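Peer 1: Okay, here's what each chain looks like letter by letter:
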Amino acid sequence: GAGVSQSPRYKVAKRGQDVALRCDPISGHVSLFWYQQALGQGPEFLTYFQNEAQLDKSGLPSDRFFAERPEGSVSTLKIQRTQQEDSAVYLCASLLGGSPNTEAFFGQGTRLTVV
Amino acid sequence: GQNIDQPTEMTATEGAIVQINCTYQTSGFNGLFWYQQHAGEAPTFLSYNVLDGLEEKGRFSSFLSRSKGYSYLLLKELQMKDSASYLCAVNSGNTPLVFGKGTRLSVIA
Chain A
13 GAGVSQSPRY KVAKRGQDVA LRCDPISGHV SLFWYQQALG QGPEFLTYFQ NEAQLDKSGL
73 PSDRFFAERP EGSVSTLKIQ RTQQEDSAVY LCASLLGGSP NTEAFFGQGT RLTVV
Chain B
234 GQNIDQPTEM TATEGAIVQI NCTYQTSGFN GLFWYQQHAG EAPTFLSYNV LDGLEEKGRF
294 SSFLSRSKGY SYLLLKELQM KDSASYLCAV NSGNTPLVFG KGTRLSVIA
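Chains A and B, in that order, are what the protein sequence lines are. Quick note, the first sequence lines up with residues 13 to 127 if you use the working numbering. Quick note, the second sequence lines up with residues 234 to 342 if you use the working numbering.
Among these hints, one or two may not hold up.
[Stated by the list, open to error] In silico SDA-like cross-links for lysine to any residue, where the CA-CA straight-line distance does not exceed 20 Å:
hint: 1; chain 1: A; residue 1: Lys69; chain 2: B; residue 2: Gly273
hint: 2; chain 1: B; residue 1: Lys314; chain 2: B; residue 2: Gly273
hint: 3; chain 1: B; residue 1: Lys334; chain 2: A; residue 2: Gln53
hint: 4; chain 1: B; residue 1: Lys334; chain 2: A; residue 2: Glu83
hint: 5; chain 1: A; residue 1: Lys23; chain 2: A; residue 2: Asp68
hint: 6; chain 1: B; residue 1: Lys290; chain 2: A; residue 2: Asn113
hint: 7; chain 1: A; residue 1: Lys69; chain 2: B; residue 2: Lys309
hint: 8; chain 1: B; residue 1: Lys334; chain 2: A; residue 2: Gly52
hint: 9; chain 1: A; residue 1: Lys69; chain 2: B; residue 2: Thr259
hint: 10; chain 1: B; residue 1: Lys309; chain 2: B; residue 2: Arg292
hint: 11; chain 1: A; residue 1: Lys90; chain 2: A; residue 2: Gly52
hint: 12; chain 1: A; residue 1: Lys90; chain 2: A; residue 2: Asp68
hint: 13; chain 1: B; residue 1: Lys334; chain 2: A; residue 2: Phe117
hint: 14; chain 1: A; residue 1: Lys69; chain 2: B; residue 2: Lys290
hint: 15; chain 1: B; residue 1: Lys334; chain 2: A; residue 2: Pro73
hint: 16; chain 1: A; residue 1: Lys26; chain 2: A; residue 2: Lys90
hint: 17; chain 1: A; residue 1: Lys23; chain 2: A; residue 2: Ser99
hint: 18; chain 1: B; residue 1: Lys334; chain 2: A; residue 2: Thr88
hint: 19; chain 1: B; residue 1: Lys334; chain 2: B; residue 2: Arg292
hint: 20; chain 1: B; residue 1: Lys334; chain 2: A; residue 2: Lys90
Everything labelled a hint here was simulated from the structure, so no lab data went into it. This structure is a prediction, so every number in the text was calculated from the model and none was measured.
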């Protein structure tokens, strides 16, 4: 595709519900990042893939958060038993190479609201 | 640990010059990025510095001093459309592309 695509754009979940957020990176991009962005804050790193390998998941806030990229392209971020503090915009970014010394391209994000 | 600091908010006048500072303390360093983010939109790339010195790109310039753990983004001839958040991000090697909290810039007439 022309850019990074995320779906859904908006998600309202009841507390305790499981959600799955999808990221379609730019075709051929090796690296993929997930970030959580609260209102008025910078993006907080969650996890990072090179191809299908999850190289760093140190930013995942709890074991309720899980990310995968099984075929090295599309990635899914899953949040189990959502809590109100999970409400945020979830951003996905991809870049061509294995190390970010070039431009990372961001999707429009998924705005998650937990009620 | 990693620490990236930027001022929270700045205000500047249309047509003026503004400098947004970023200091960082990271376990490694493989480059520093600046991104622009308009409200409700995705961040977009502005600049990348890996060596000391000034990189100029049109109205925007970015400076890096690795020994001081310091960078700044310089915006010249400010326009109203430059009102946005400016995000400093570091590739520390261990955790690529870690962002600061961002600086919200308001350009006033």
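Peer 1: Can you confirm whether the C-alpha distance between Lys334/B and Gly52/A stays at or below 20 Å?
Peer 2: Since the Cα atoms of Lys334/B and Gly52/A sit roughly 8 Å apart, the hinted pair holds (cutoff 20 Å).
Peer 1: Does the structure keep Lys69/A and Lys309/B at a Cα separation of 20 Å or less?
Peer 2: Roughly 39 Å between the alpha carbons, so the hint for Lys69/A and Lys309/B is violated.
Peer 1: Check the hint pairing Lys69/A with Thr259/B against an upper bound of 20 Å on the C-alpha distance.
Peer 2: Answer holds: Lys69/A to Thr259/B is near 18 Å, not above 20 Å.
Peer 1: Holds or violated: Lys69/A and Lys290/B, Cα atoms, limit 20 Å.
Peer 2: violated (34 Å)
Peer 1: Run the distance test for Lys334/B versus Gln53/A: straight-line Cα separation, threshold 20 Å.
Peer 2: Answer holds: Lys334/B to Gln53/A is near 5 Å, not above 20 Å.
Peer 1: Can you confirm whether the C-alpha distance between Lys69/A and Gly273/B stays at or below 20 Å?
Peer 2: violated (26 Å)
Peer 1: Starting from Lys290/B, check that the Cα of Asn113/A is at most 20 Å away, please.
Peer 2: holds (17 Å)
Peer 1: Taking only the CA atoms, is the gap from Lys334/B to Arg292/B under or equal to 20 Å?
Peer 2: Roughly 23 Å between the alpha carbons, so the hint for Lys334/B and Arg292/B is violated.
Peer 1: Do the alpha carbons of Lys23/A and Asp68/A lie within 20 Å of each other, as the hint requires?
Peer 2: Status violated; Cα separation ~26 Å.
Peer 1: Run the distance test for Lys90/A versus Gly52/A: straight-line Cα separation, threshold 20 Å.
Peer 2: violated (24 Å)
Peer 1: Would you check the hint for Lys26/A and Lys90/A, treating anything up to 20 Å between C-alpha atoms as holding?
Peer 2: Distance of about 15 Å is within 20 Å: holds.
Peer 1: Does Lys334/B pair with Thr88/A here, judged by a C-alpha cut-off of 20 Å?
Peer 2: violated (25 Å)
Checked against the numbered hints given earlier, the structure breaks hints 1, 4, 5, 7, 11, 14, 18, 19, 20 and satisfies all the rest.
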